[in-house]
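Chain order of the listed sequences is A and B.
With the UniProt record's numbering, letter number 152 in the first sequence gets 152, and the count goes up by one each step, no holes.
With the UniProt record's numbering, letter number 126 in the second sequence gets 126, and the count goes up by one each step, no holes.
For the record, the hints were derived by calculation from the structure and aren't laboratory data.
Even for Gly, the Cβ is constructed at its ideal location relative to N, Cα and C.
A hint or two may mislead.
To be verified - Simulated DEER-style distance windows between Cβ atoms:
hint : chain 1 : residue 1 : chain 2 : residue 2 : range
1    : A       : T139      : B       : Y83       : 36 to 42 Å
2    : B       : Y83       : A       : V53       : 30 to 36 Å
3    : A       : L90       : B       : D255      : 32 to 38 Å
4    : B       : W175      : A       : A185      : 46 to 52 Å
5    : A       : T139      : B       : K113      : 42 to 48 Å
6    : A       : V181      : B       : F184      : 50 to 56 Å
7    : A       : A204      : B       : K100      : 54 to 60 Å
8    : A       : S229      : B       : V238      : 49 to 55 Å
9    : B       : R109      : A       : G65       : 40 to 46 Å
10   : B       : L228      : A       : F215      : 56 to 62 Å
11   : A       : T95       : B       : T164      : 45 to 51 Å
12   : B       : M172      : A       : A185      : 33 to 39 Å
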Amino acid sequence: MADEANRQFAGLSDVSISEDIPVEGDISVPMGSSSSNRQRGGEDEFSTLDEPVKETILRDLRAVGSKFIHVLYPKRSSVLLRDWDLWGPLLLCVTLALLLQGGAADSEDQGGPQFAEVFVIVWFGSIIITLNSKLLGGTISFFQSLCVLGYCIMPLTAAMAVCRIVLVGGSGTVSFTVRLVVVTASFGWSTFASTAFLADNQPAGRKSLVVYPVFLFYFVIGWMVLTFSPSQ
Amino acid sequence: MASPNDLQFQEFDEAAELLSADPGASTLSMSASNTSTTAAGGGGRGGGGEDVKLDLSEEEGEEESSELLGGQKPTGGFWTFEYYQSFFNVDTVQVLDRVKGSLMPLPGRNFIKHNLRSNPDLYGPFWICVTLVFSVAIGGNLSSFLSEKGNPSYHYRPQFHRVTIAALVIFMYAWLVPVGLWGFLTWRQGAERQIGGYSFLETVCVYGYSLFIYIPTSVLWIIPFEWLRWTLILVAMVISGSVLVLTFWPVVREDTKVMAVATVVTIVVLHTLLAVGCKMYFFQTEVHVQSVAPITPTINMTIATKAH
């Protein structure tokens with residue numbers, strides 16, 4: 001085997017490889033099921049193919065839950081950035097879009113945003129803001145930024161739920177004032193939480209340029225939440 | 001003083017040194033994820049090395065040296081990420097400067113020459129258009145709500161479809177009109193003189209920044225006094241129209257008298273159409289609520305039954 005190899009690459013015989021060492025072998029991961037490891041990504045010390053389904057689902061749910069908690073108390077941590085996932089943003093977007101339904105439903109075109117409009121605004125808005133921050137020279141990755149922006153919609157979704165409950169009681173001036181306060185507080189919270197994660201990764205002198213679109217994004221979503229009027 | 005060519009060569013050496021010293025260093029937005037843009041950025045990085053290094057260096061002389069190089073030429077092909085990154089090479093201070101320049105047009109101060117200084121950006125035009133879309137839609141919604149406040153039959157509706165219409169109109173104006181104008185001016189100039197003409201990006205930039213005055217105007221339009229609205233629209237049109245005219249007059253002046261005047265008039269007319277159209281559509285004072293029509297026959301019927 002080694003002689004054949006040396007005959008084929010005769011010109012290279014004086015380079016480095018000694019004739020005694022066979023240049024052959026197979027590159028394999030020194031544990032059993034390698035394919036399932038590649039499917040599972042990060043933790044490759046053990047195969048996760050044999051675990052019960054409940055465990056798999058709970059692991060993802062725990063990851064999503066821990067990120068929710070990080071949005072609730074935004075401090076400078078890298079959990080949201082390091083292990084990004086898009087389950088949380090999807091869940092929040094669907095919840096928000098569903099909660100925005102059923103308002104002024106009798107009019108087709110004069111009413112609130114449709115389900116698809118909310119989806120488009122949230123996802124295309126996040127994509128455009130991410131592209132904007134990358135074009136301005138940011139170091140955050142595309143999906144990390146989507147993850148942060150999506151998770152920080154959580155205060156506004158909570159405000160939407162509160163608004164719907166308040167609207168059950170009535171839609172007068174008092175309820176409007178309460179809703180205004182709640183939406184303003186949660187809008188400020190969302191903006192503050194997302195800039196705590198996003199602003200660090202920008203070159204100096206451009207932070208406001210990146211923060212302003214985020215502000216506009218949450219302002220528009222807050223506006224959609226505030227102007228939700230139930231059908232009468 | 002070193003000639004621009006020497007300066008350029010020097011910068012490239014520095015960039016090459018830095019890159020060779022640490023090949024893993026990220027010159028752009030590198031990250032852990034493998035998006036296609038970073039992969040393409042790797043290919044385009046070598047050719048655009050010196051310009052990109054200039055952009056990201058934190059030195060003081062960055063702005064001056066970029067001007068000495070004759071402006072930011074987009075690096076790489078249009079499929080690379082760096083190409084578009086060169087259009088966003090502005091700082092907060094510069095953007096605020098340009099916005100202020102669009103608010104205060106002085107005769108003799110050409111917006112492009114004075115404020116852009118061969119570094120046109122796309123950040124300003126894009127985000128000003130987006131803000132304007134939402135401010136017009138939201139302002140219109142608020143103004144119709146306020147004007148119908150006393151009307152018991154009025155049921156508040158968010159009128160979200162207006163956002164779509166506003167977006168269509170404003171983005172078409174801010175992007176198609178500069179295309180047309182730039183094409184027309186380039187055609188008129190022919191092959192005579194390339195110095196006087198503005199690049200496409202500069203035209204788009206001027207139009208984008210000139211729309212900024214309409215953002216506070218559309219917020220102030222919520223106040224329901226007609227005379228105030230017309231005064232505001234007049235003031236805004238004068239300011240932004242003069243920014244445009246002052247910018248394009250030096251270029252158009254070289255042409256025949258008729259064409260020059262016609263071009264300037266077209267610019268002003270289109271701008272007026274946009275402003276007045278926005279006001280008419282989004283800030284109508286009489287909102288035709290559908291529920292009014294069914295109520296009247298009902299009232300007639302009640303009166304008829306009462307009379308009998």
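Cross-check of the supplied hints:
At roughly 19 Å, the beta-carbon separation of T139(A) and Y83(B) lies outside the given 36 to 42 Å, and the hint is violated. Between Y83(B) and V53(A), the C-beta spacing of about 47 Å breaks the proposed range 30 to 36 Å. Checked against the hint of 32 to 38 Å, the C-beta distance between L90(A) and D255(B) comes to roughly 56 Å, which is inconsistent with it. For W175(B) paired with A185(A), a C-beta distance near 37 Å fails the hint of 46 to 52 Å.
The hint said 42 to 48 Å for the Cβ distance between T139(A) and K113(B), and at roughly 34 Å that hint is violated. Distance hint check: the CB atoms of V181(A) and F184(B) are about 53 Å apart, consistent with the given range 50 to 56 Å. Take A204(A) and K100(B): their Cβ atoms lie about 22 Å apart, and the range 54 to 60 Å is violated. For the pair S229(A) and V238(B), the supplied restraint of 49 to 55 Å is violated, since their beta-carbon distance comes to about 38 Å.
Against the hinted window of 40 to 46 Å, the Cβ-Cβ separation of R109(B) and G65(A) comes to about 57 Å, which falls outside the hint. For L228(B) paired with F215(A), a C-beta distance near 28 Å fails the hint of 56 to 62 Å. For T95(A) and T164(B), the Cβ-Cβ distance of about 24 Å falls outside the hinted range of 45 to 51 Å, so the restraint is violated. A hinted range of 33 to 39 Å for the beta carbons of M172(B) and A185(A) is consistent with their spacing of about 37 Å.
In summary, the structure is inconsistent with hints 1, 2, 3, 4, 5, 7, 8, 9, 10, 11 from the numbered list given earlier, while agreeing with the others.
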